[in-house]
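Take a look at the letters that make up each chain.
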Amino acid sequence: MDANMDERVYDLIFICRPATPEDEVNKIVTTLEHSTGELGGKIEKTERWGTRRLAYRVAKHREGFFVYMVVKSTHGDLIKELERRLKVSDAVIKYQTIRLDEELKRQQKLGKHRERRAGRRPRKQAPGAPPQQPVPAAAAPQQQQPQVPAASAE
Amino acid sequence: MSDQPAPPAAPETPSPSPSHAPRAEGHTGGPPRRSEGHGGGQRREGGGPGGPGGPGGGPGGPRRGGKRQYFRKKKVCRFCVEHVDFIDYKKVEMLQPFVQERGKILPRRMTGTCSRHQRWLGEAIKRARNIALLPFATEL
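Read top to bottom, the protein sequences are chains P and X. Counting in the working numbering, the first sequence runs from 549 upward without gaps. Counting in the working numbering, the second sequence runs from 559 upward without gaps.
Note that these hints are calculated values from the structure, not bench results. Wrong hints could be hidden among the right ones.
[Stated by the list, open to error] Each computed EDC-like pair below joins lysine to aspartate or glutamate, with the alpha-carbon atoms no more than 16 Å apart:
1) P/K620 - P/E555
2) P/K620 - P/E650
3) P/K660 - X/D646
4) X/K648 - P/E555
5) P/K642 - P/E586
6) P/K628 - P/E586
7) P/K657 - X/E681
8) X/K649 - P/D559
9) X/K662 - X/D643
10) X/K648 - P/E586
11) X/K649 - P/D638
12) P/K653 - X/D646
13) X/K684 - P/D554
14) P/K653 - P/D554
15) P/K575 - P/D638
16) X/K648 - P/D554
[Stated by the list, open to error] Anything over 12 Å on all C-beta distances counts as not near chain X; from chain P, calculated:
17) N574
18) E581
19) S583
20) E595
21) A603
22) K620
23) K628
24) E651
25) G667
26) R668
Backbone N, C-alpha and C fix where the C-beta goes; we use that ideal spot for every residue, glycine too.
Okay, chain P solo, but in the shape it has when bound:
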């Protein structure tokens, strides 16, 4: 089943205690990279956002060291393993994995759709103007005609 799965994109964010030394954070990142490699995934990006203020208290901390990763995988168990590792490590106080590929796909689709529509629009406007006149109101059209281009220009 896993072989048939499309490649999925995940956002992985974890927060370490603010007092965690840099080495420890690096160690966590390397372990994650290692297990990702083992399970056939790929880490696209790793960003260290540094120490940021938390919106609420987490494990009695008001600040945390944020690390953001983008993981690609065709194997669903990878996320399970990564989350297990994050749960086990003491320095990590919070983590979140989000599957993003469907939303990115939707984004691309909408972008393409818009491009196509933008390409079509100028052609449609010219023949579209005349049929707008025969609308219920019988007396109005004479007054409307000058207004039509103004309304469409908006």
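Add chain X to chain P, keeping to what the hints say.
Okay, now just chain X, sitting in the frame of chain P:
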């Protein structure tokens, strides 16, 4: 705040005749348009949200009835204007204007966001909350 009518029914200009105007912006959700033209029955439907004093129900001529004492500016979805196809939960500065001081998600009727973007926005805010980028509720 308490008595805000749900659809942002705001005739931008009183001048355009009702026959072609709704067609031009049909995709924006079609606010009920109070037409000054003919058709008294339609005018009644438009007066659903009920402005202060309910001038829509007035027996006066149809031309006068359309004129409002107050003008509500038509709210436009900010995301539609900028052609946003994906609302990123990591961009907190982008989400912050849609969250109240105490952390509540602002309703559509306040911000003018379209239903699709409000749906995405709500999801993004909830994700940001989960990873402590936004508060669930601010502590006192």
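Each hint tested on the structure:
no.: 1; hint: P/K620 - P/E555; result: holds, 7 Å
no.: 2; hint: P/K620 - P/E650; result: holds, 13 Å
no.: 3; hint: P/K660 - X/D646; result: violated, 19 Å
no.: 4; hint: X/K648 - P/E555; result: violated, 22 Å
no.: 5; hint: P/K642 - P/E586; result: violated, 24 Å
no.: 6; hint: P/K628 - P/E586; result: holds, 13 Å
no.: 7; hint: P/K657 - X/E681; result: violated, 20 Å
no.: 8; hint: X/K649 - P/D559; result: holds, 14 Å
no.: 9; hint: X/K662 - X/D643; result: violated, 23 Å
no.: 10; hint: X/K648 - P/E586; result: violated, 28 Å
no.: 11; hint: X/K649 - P/D638; result: violated, 28 Å
no.: 12; hint: P/K653 - X/D646; result: holds, 14 Å
no.: 13; hint: X/K684 - P/D554; result: violated, 27 Å
no.: 14; hint: P/K653 - P/D554; result: holds, 12 Å
no.: 15; hint: P/K575 - P/D638; result: holds, 12 Å
no.: 16; hint: X/K648 - P/D554; result: violated, 25 Å
no.: 17; hint: N574; result: holds, 21 Å
no.: 18; hint: E581; result: holds, 21 Å
no.: 19; hint: S583; result: holds, 21 Å
no.: 20; hint: E595; result: violated, 10 Å
no.: 21; hint: A603; result: violated, 4 Å
no.: 22; hint: K620; result: holds, 17 Å
no.: 23; hint: K628; result: holds, 18 Å
no.: 24; hint: E651; result: violated, 6 Å
no.: 25; hint: G667; result: holds, 15 Å
no.: 26; hint: R668; result: holds, 15 Å
In summary, the structure is inconsistent with hints 3, 4, 5, 7, 9, 10, 11, 13, 16, 20, 21 and 24 from the numbered list given earlier, while agreeing with the others.
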